[in-house]
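The whole structure should be built from the sequences, with the hints applied where relevant.
Number of protein chains: 2
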Amino acid sequence: MRLKVSLLDLESGGKFIVVLNREDAEDLGVSGLSRVKLSCRGKEVTAIVNVAFESIMRGYVGVYNEVKKYMNLREGDEVEVEAAHSPLSVYYVRNKLHGRKLTYEEIFEIVKDVVSGNLSEIEIAAFVTALHTYGLDLDEATSLSIAMVETGNKLELKKPLIVDKHSIGGVPGDKTTLLVVPIIAASGLTIPKSSSRSITSAAGTADRAEVLMPVALGIDELREVVEKTNGCIVWGGALDLAPADDIFIRVEHPLSIDPLLLPSIMSKKKAVGANLLVIDIPTGRGTKIKTIGEADLLAKDFIELGRRLGIKVQCAVTYGEQPVGYAIGPALEAWEALNTIMGKGQTYDLIDKAAHIAGMLLEMSGKAYGDGREMALEILRSGKAEEKLREIIGAQGGDPDIKPDDIALGSERFTVRSKRDGIVLWIDNASIVEAARLAGAPKDKGAGVLLHKKIGDRVSEGEALATVFAERASKLERAISIFEGLPVIGVGERMEMLIHEIRERPIAKKTFVLER
Amino acid sequence: MRLKVSLLDLESGGKFIVVLNREDAEDLGVSGLSRVKLSCRGKEVTAIVNVAFESIMRGYVGVYNEVKKYMNLREGDEVEVEAAHSPLSVYYVRNKLHGRKLTYEEIFEIVKDVVSGNLSEIEIAAFVTALHTYGLDLDEATSLSIAMVETGNKLELKKPLIVDKHSIGGVPGDKTTLLVVPIIAASGLTIPKSSSRSITSAAGTADRAEVLMPVALGIDELREVVEKTNGCIVWGGALDLAPADDIFIRVEHPLSIDPLLLPSIMSKKKAVGANLLVIDIPTGRGTKIKTIGEADLLAKDFIELGRRLGIKVQCAVTYGEQPVGYAIGPALEAWEALNTIMGKGQTYDLIDKAAHIAGMLLEMSGKAYGDGREMALEILRSGKAEEKLREIIGAQGGDPDIKPDDIALGSERFTVRSKRDGIVLWIDNASIVEAARLAGAPKDKGAGVLLHKKIGDRVSEGEALATVFAERASKLERAISIFEGLPVIGVGERMEMLIHEIRERPIAKKTFVLER
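First to last, the protein sequences are chains A and B.
First residue of the first sequence: 1, per the working numbering; consecutive thereafter.
First residue of the second sequence: 1001, per the working numbering; consecutive thereafter.
Read the hints as simulated data drawn from the structure, not as lab findings.
Owing to the predicted nature of the structure, the values given are computational and were not obtained by experimental measurement.
All residues carry an ideal CB built from backbone N, CA and C; glycine is no exception.
There could be a bad hint or two in this list.
Unchecked claim - Distance condition first, Cα-Cα at most 30 angstroms in a straight line; then the derived DSBU-like pairs of lysine-lysine:
hint, chain 1, residue 1, chain 2, residue 2
1, B, 1068, A, 37
2, A, 4, B, 1443
3, B, 1015, A, 68
4, B, 1453, B, 1344
5, A, 454, A, 403
6, A, 101, B, 1043
What the hints assert, rightly or not - For the chain A half of the interface with chain B, some residues (derived, Cβ under 10 angstroms), not all of them:
hint, residue
7, 14
8, 48
9, 98
10, 132
11, 134
12, 137
13, 250
14, 495
Structure representation (structure tokens):
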């Protein structure tokens, strides 16, 4: 059926939706739960049907902005609309629901149909749930990785060796990438780093970097920056490297499950053409991976999956029981990273972590022999890393002369003080993140938390433990409430054993870390 | 935030959707993937947010028809809109995703939030998938049954004994209910039968009955009919007996899984107040339950679940390898049932099945002692069943004097003939249903298939095997194509062993039966 496009000025948040007149819908044999295939000028999309009685006339199809953009439609365009039949991939999803292992061809069909809207949210949710409950083996993880690469953009730099690093996330304040990329690029290696924005955290690397420079670069701009400076720190979202992943994340997030962790990360590394890769696995109670044993198992899978994809992988299992450095929140973290790379401040844990990870890459590439960490520290101390960071900032369109004082931190502030003398025994990562998010992070860049003490530090009653930053007073209030409930920073003597008492059946609201 | 209602004249097919102006959405902190809670005059609903730039002004909220109906809204009404937080039930769904058994309280929260729109399609799909992959035990099935009763309407007839029957479906042409209800009602027992429309079949009992009488009765009308005649045959959809089930079905259907079979059926029986119940389990290759062993296992669960709900259940495991009677399709089946109850025609299998099931109920109730089937046949032969059916037709608002010839059968017809001499060895239920659906059933009531031969009958080359009925020539063409592919009715000699050859990797499009 040929219908005329009527642009609706409506946005669903990512789903393809069209509105048909009830009678046209009946003629097509579709209803409010069906899907239709639209084609126009060689482009095709499958969209969910909504039905109108009078607001859309017969002969017209109302289109949401998502459909308009994907299909490049203008008001009055003629499109061919037909009832969409269940794609073949639906049968493959059903096989997985019954616990069957899927072949590469089957997984490719599923991923392709996820990207083009052929699979509904119900079908994608069921697929992700089945991957979670049955698990996916390394063959399937490999297939998913390759299928996600094949259905997206590829970077294709003309360089013989490309290195990369990635953290599976989960530890707050982790601005390590802002140091590792300049160190590695300054060493002469190529590191086209793409990062994600925060999903459940207070700041993703893209959010942090954006305080210093534009990060929403297209794939051609990225190529230009890397060819000029050997490195970049950009947001992956504008690159369309593995578009299926963004759709999977939309389903994983409300469910708090993440069966696609391995293929998601590895597909993006494959898409930028990485040959050597270090994966950081922060480990500890407050992170995604709670124990060292679990971290080792995950590392084994990353290394094997890398082997199958032609990427040499090494993993760094790192300490994640407290934030990295002192700053949590986009601007605070950018400010801390800039200070650190300029040799100011005392963020020893941040420096140690960055030097280890950069050192591993230097050794893997043959730039260093057993002394990678030393070489990384030397690049940092010499000022070459700072110089390189400023070069990258400039190439991405930022101010290469930016000073820490130029960074705007939230002007609404509140200092949390210790209620007793003692030693900082633990810091609850999840509550720190919640406070930073309630204060406005990551959307309000100046919002966040700055710690004054870390685990092992001695404090006196009334001494400052942390400062909360916000851009608006109302948000500061909400963030402060976190510090008024259960303790967030545990201060005590080393002998104290009780963690907390449970007196009635609790509702376990487990924190979920979904960072890529 | 208080917003003015703007009615959108849009229908999503069951989902609650509202449209906010982008700036209002930002102020509320919601986006195109979030949900908001609407309240107005004591009614509340949670709806999915879509965003508009100019078509909805600040201060207004566009509402889809589903929201309008549920909340009883008029243009210009003021509603309170706030960001919806994840309901507690989300945590319970997540527990199930990790394989935890759920308590009644947890399941009740989930079902309540399914009905009120608090759980998204993603969350419901994940819940249903997890029930499918981990399975649900009888405790959970009991909890689900009770929760589904508690979140819907109850019939509450003032009768000491209420009997009911239900088929789990899957065998085409099963018009048994059209005979059992009048037999039972004529015996003096009360049988308030509610049925579903077809989901994946050629006709549901509600579709068949609708050819003879109105079936979309409200709960008060139903009560009146039953008080007058002892029985009824109505569509369950208008009664809102277990509204959660309709939402679960919407998710189960595209996924071809049905973990809620037991609670779905039993909750509806509990909601009408049934004390005695016979469940028909059609068994055979072409049905939902393939083997007698499986049928027995399912019967055990129905009987135990009934015991927990205070319903005495017996099961009839019936032969389902071919359609019941000869007619498949709403009008054809109503026509065959009316003929049969009037003593015309030779549908021995239909009569046998109806008499057995009615007989079981007569014995369970104490009306008969060991001779229930005989008593049922006697009620049928004596004309009392026909009289009672006409009484029910009249009470429901149909023509009590309806004759078989008054029923309009599709005028577009095609006769399928045997390509060889032999015996009918098998009939492929799934292909018969597909042909009837392609011909227009269940929407086109006159469409369907009429068999002329059944398993064991001898046929000659060129003899008629079946006639396809349609209301439109184009649909008849589509239905005929089914008979041009693989054989639908297998004719041969008894020694022939090969079923079919597979020469390359097939895509197994398993038929899925989702009938309730």
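Open item on the list: I'd like to know which numbered hints this structure contradicts. Please list them from smallest to largest.
Closed with: 6, 12 and 14
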